[in-house]
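Chemist: First to last, the protein sequences are chains A and B. So for the first sequence, the numbering used here puts the first residue at 1349; every next one is plus one. So for the second sequence, the numbering used here puts the first residue at 1349; every next one is plus one.
Since the hints were made in silico from the structure, they are not lab data. It cannot be assumed that every hint is accurate.
If chains are identical, the list can't say which one is meant, so a pair holds when it fits in one copy or spans any two.
[Said to hold, decoys possible] Below, in silico cross-link-like pairs of lysine-lysine (DSS-like), each with a Cα-Cα straight-line distance of 25 Å or less: (1) Lys1623 to Lys1457; (2) Lys1623 to Lys1483; (3) Lys1553 to Lys1539; (4) Lys1509 to Lys1547; (5) Lys1654 to Lys1509; (6) Lys1433 to Lys1539.
Okay, here's what each chain looks like letter by letter:
There are 2 protein chains.
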Amino acid sequence: MSLLLVGTMAFDALETPFGKVDRIIGGSGTYAAWAASNFAKPINMVSIVGGDFPQEEISALEARGVSFDGLEVVPDGKSFFWSGKYHMDMNTRDTLVTDLNVLAQFDPKIPESYQGSEYVMLGNLAPAVQISVMKQLKSRPKLVIMDTMNFWMDVAMDDLKTILGMVDLLMVNDSEARQLSGEYSLVKAAKKIQAMGPKYLIIKKGEHGALLFFNEQIFAAPALPLEDVFDPTGAGDTFAGGFIGYLARINDVTFENMKAAVIMGSALASFCVEKFGPSRMQELTAEEIETRVNEFINLANFEIRK
Amino acid sequence: MSLLLVGTMAFDALETPFGKVDRIIGGSGTYAAWAASNFAKPINMVSIVGGDFPQEEISALEARGVSFDGLEVVPDGKSFFWSGKYHMDMNTRDTLVTDLNVLAQFDPKIPESYQGSEYVMLGNLAPAVQISVMKQLKSRPKLVIMDTMNFWMDVAMDDLKTILGMVDLLMVNDSEARQLSGEYSLVKAAKKIQAMGPKYLIIKKGEHGALLFFNEQIFAAPALPLEDVFDPTGAGDTFAGGFIGYLARINDVTFENMKAAVIMGSALASFCVEKFGPSRMQELTAEEIETRVNEFINLANFEIRK
């Protein structure tokens, strides 16, 4: 099934306890597209880049079934740039530099060829941009998921509430869920957030896995315990891309399939963190994914004897 | 199968964001015995109390199949007293008062009637006390599990290393595992701790569940997401008691059965935190446990469609 991805394509400079890289490829759209391309095509990308974004990165994604009809290239502009430093726990980080560059003028136009996309992922962007995308869609997709962050809760809460009323699923981390709801208990936080609009909620907890909420049902997915997390950048976007890519392939939106999609997203995210940037995602094979998913089954599976 | 429990029977004074209690019943032995008594008997308790410990608490446990042949009562002594205050996350706490009282002179004597106990739990006590118990056992039990804490790593590391070489399973929380191993990654920490002796390791992560390690195998058990954690005191001891009580009933020490035992321990711990002290454990029914275990199955269960 066709998948619409709205997200950034960018450059990152990263520092982790394991090393440092300057200006590598990044962006929520990039990570999500690599992840989703393991499961679904076409992937209809909506993004904006400057003239400095390498054509070979775009071509590599095209070869994986990604369409760039919705990519705006600003020839004399510079691509979005983010620089950050991770702490030892790899769950917290300091932002060193945020250069919006062309992202400041991002006003996405959904091409006619993208109409009818049945699965939609709105990456972490200004809520006004996410709203604009939803308003341009001529038919309601089967599933719309979105990401956001604490920054938008601080500066654009009204718009954020509007877009929350337009989507099916919100994906945030635990501290964002607490900030958005004003509740410390994640169960209480989930109820308040679901009342804001999204029927489904995923709360990501880094090395502690993720929780999926739907009505009174909860699913707890473990994270794969890893010897080393090399670089967590993009893990959340990879999770999101794997999640919606898998659902687009199965094309049957049920809570049971969402549970499997959470595992699939977690499996892909566990690869993403093994190397700096999206490089691990670019070399990933179907066999590796299957093996990793089996590791998750062994990790979570149990049987009670009476 | 018979179960030997070595732990404290004590008084606690507690403060949580939900309230405050003065001088209620506590102690690792008390919590573990209540939990284990749902599954196994006899439970052979080894502990020490002062003349101030209420006889009705002892009688209530006797009615559940707990033997007190190994309880030392010091008529003119005072029972161990601990007072603490929990922070909002309920995973961290400040100790306000630790009055060892009779615990300072605890030199357990294993009664002849306890010899042959096949399952042994060494609660969090001075490693020298844990060693003394092991040396008094005339036959090697099928399974010996132990708890410890950061305090013993600071003041009795040599003894701690000795007892680690005598047990099958260590149960600690994540910060204790990191301190004991000097490794931040829990996977690396587990390898180092297993090299110290225990074949099995359980790392408890509070609201994030628990990890069970055995050779290269890992099992990740979720914690039940709760609206409120009323009082986490005793949750770890309840987990331990439920874990070993279930294994004693099944009487077949395999990794698969340990996975189920971790779920059983987690289920009992999820009740323990619902009220102050052991009161919730005292009123618990078999039906409630079965319902709660089914909640864990729903929480963790998934199926991957191709």
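Chemist: None of the hints should be skipped; say for each whether it holds.
Modeler: Against the structure, the hints come out as follows:
no., hint, verdict
1, Lys1623 to Lys1457, "neither (33 Å within a copy, 55 Å between copies)"
2, Lys1623 to Lys1483, "neither (37 Å within a copy, 49 Å between copies)"
3, Lys1553 to Lys1539, "both (17 Å within a copy, 24 Å between copies)"
4, Lys1509 to Lys1547, "within (14 Å within a copy, 51 Å between copies)"
5, Lys1654 to Lys1509, "neither (48 Å within a copy, 36 Å between copies)"
6, Lys1433 to Lys1539, "neither (33 Å within a copy, 28 Å between copies)"
Comparing the model with each numbered hint stated earlier shows that hints 1, 2, 5 and 6 do not hold.
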